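Take these sequences, add in the hints, and give me the full structure.
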Amino acid sequence: QRLVGHALRVSQLRRRRRNMEELHRLLTVVAEVRQTQHSLQALLACSDFVAALDMIADARQLLATELRGVASLRNTSAQLAEMHTVVLRMMSSEFVALAMGRDGLLADISGACGELGRA
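Residue numbers are given in the numbering used here: position 82 of the sequence shown equals residue 82, and the series is strictly consecutive.
None of these hints come from the bench; they were simulated from the model. All values derive from a computational prediction rather than experimental measurement. All clues stand as given, with none of them false.
Label-pair restraints from in silico Cβ distances:
#1 Ser39 to Leu13: 30 to 40 Å
#2 Ser11 to Ser77: 30 to 40 Å
#3 Ala45 to Arg14: 43 to 53 Å
#4 Gln79 to Ser11: 38 to 48 Å
#5 Ala78 to Ala7: 41 to 51 Å
The beta-carbon is built from N, C-alpha and C at its ideal position, and this holds for glycine as well.
Given below as structure tokens:
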């Protein structure tokens, strides 16, 4: 009987460990999604619009699948939609600036972001 009790306990502990590992993985994903806004600001400061749009798409995908129903991320989808609109507007503004020959500002930004990459 003691042997059966130990076997049940081992089974319970294995299940608990799997649950804890899954919880840790999900909490890591939640932290990454929460960090998205700060990362987006850094990407936009360097005019890296493609990476910013990719990051928004990845975060939206996680919110729609793995993180569906997480209460602490309830407003994140709306924030990401707003950030998507901001990125598109910034891209348009930069395109217009380039088309009108005002690329001096862009060179300054590119130089500053290059310095960030080396730091």
